[in-house]
Amino acid sequence: MRKEEFKILYQKYLIGACTAEELQKLKQFFAQLQDTDDLEDVEILIEKDQRHIILPSDKSSDILENILTSTHPKRKTVSIYTYLRYTVAAASIFIAGFLFFKKQEQETVPSSPHVVFKNDSNHLKKVLLQDGTTVYIKPNSQITQTTNFETDTLRELHLSGEAFFAIAHNAEKAFIVQADNDVSVRVLGTRFNLKSTKEEQEVVLTQGAVALSRDKENVILKPAERAVYSKEHQAFETAVVDTLQYIAWKDNQMYFSDTKLAQVIHQLNKNYAYETQKLTVPKAAGNLEFTGYLPTNNLDKCVTILNKTFANHHIIITKK
Numbered sequence: 001m002r003k004e005e006f007k008i009l010y011q012k013y014l015i016g017a018c019t020a021e022e023l024q025k026l027k028q029f030f031a032q033l034q035d036t037d038d039l040e041d042v043e044i045l046i047e048k049d050q051r052h053i054i055l056p057s058d059k060s061s062d063i064l065e066n067i068l069t070s071t072h073p074k075r076k077t078v079s080i081y082t083y084l085r086y087t088v089a090a091a092s093i094f095i096a097g098f099l100f101f102k103k104q105e106q107e108t109v110p111s112s113p114h115v116v117f118k119n120d121s122n123h124l125k126k127v128l129l130q131d132g133t134t135v136y137i138k139p140n141s142q143i144t145q146t147t148n149f150e151t152d153t154l155r156e157l158h159l160s161g162e163a164f165f166a167i168a169h170n171a172e173k174a175f176i177v178q179a180d181n182d183v184s185v186r187v188l189g190t191r192f193n194l195k196s197t198k199e200e201q202e203v204v205l206t207q208g209a210v211a212l213s214r215d216k217e218n219v220i221l222k223p224a225e226r227a228v229y230s231k232e233h234q235a236f237e238t239a240v241v242d243t244l245q246y247i248a249w250k251d252n253q254m255y256f257s258d259t260k261l262a263q264v265i266h267q268l269n270k271n272y273a274y275e276t277q278k279l280t281v282p283k284a285a286g287n288l289e290f291t292g293y294l295p296t297n298n299l300d301k302c303v304t305i306l307n308k309t310f311a312n313h314h315i316i317i318t319k320k
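Following full-length UniProt numbering, the numbering of the sequence shown begins with 1 at its first residue and continues without gaps.
Each hint should be verified, as a subset may be incorrect.
To be verified - Using 27 Å as the maximum straight-line C-alpha spacing, the simulated DSS-like pairs for lysine-lysine come out as follows:
id, residue 1, residue 2
1, K138, K126
2, K250, K138
3, K320, K308
4, K25, K250
5, K270, K198
6, K278, K320
7, K25, K126
What the hints contain is simulated information worked out from the structure, not anything from laboratory work. Because the structure is a prediction, the values reported are computed rather than measured.
Model the full structure from these sequences, guided by the hints.
So this is what it looks like as structure tokens:
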């Protein structure tokens, strides 16, 4: 959304004139902001307009929360000029409201042991540990902190499911992630993705180095390498991979590289399992290949992208 469009929609929201579509745009705009610097740019834009909406601190915070929690716009007959008479509120108040919103997406886990963070939602969760480590947790996954990061000699977590770890470096305290399948990942400071499910046990390294172990099997991974534990051979199998394919999910994206369309549709239906409608594609088009990114939080946008990509093939991907 352009910032000028944001200003107009925000003004419309204050007087209850937003449509359902416009309200959704506002919510998506806030969700895409990464930090307060982005919001300050918006505040500057509003302040430059002599007709800007001006609110007291308590109303500013309430409005932001209302935008983010509303599912239907509230219609009011209040004139916009009524709101123009409010006294000036500092931009920091609005930024405080923004930080409140971001806190809903990023939670801080205390350093005491046996803290559980479970992701029961359909969207990824971001957790900031007290040592500075950031963990992106996939839906239907959870981490459990099993040591005290401040007093114990090791920083240790247990993972069930899949998560991406950006480990804060600490040469004096190694970071260990134990998986359900008895795979152990030991690092000092690095970035990696770990999947631990009944079907798959894999580690993909993007930065630094990690030591993997299971039973008596040990292996050291280098950046851009993927390790999968083979139950059949009871050993780790490693290969150089395109890491984007394995970590794009933490940015609400799915990455495909020369992937058959039938497989793309299968992955999308699996990711959007909570949707009542499923994607379908003509069997004749199943072998077409797709390379690119698709969002993990907007199925309609996925359909639009795919239909535009394969428009020359005269196929239509639909939801049924």
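Hints and how they fare:
| no. | hint | in the structure |
| --- | --- | --- |
| 1 | K138 / K126 | holds, 9 Å |
| 2 | K250 / K138 | holds, 8 Å |
| 3 | K320 / K308 | holds, 19 Å |
| 4 | K25 / K250 | holds, 22 Å |
| 5 | K270 / K198 | holds, 16 Å |
| 6 | K278 / K320 | holds, 5 Å |
| 7 | K25 / K126 | holds, 23 Å |
The structure fails none of the hints (numbered hints given earlier).
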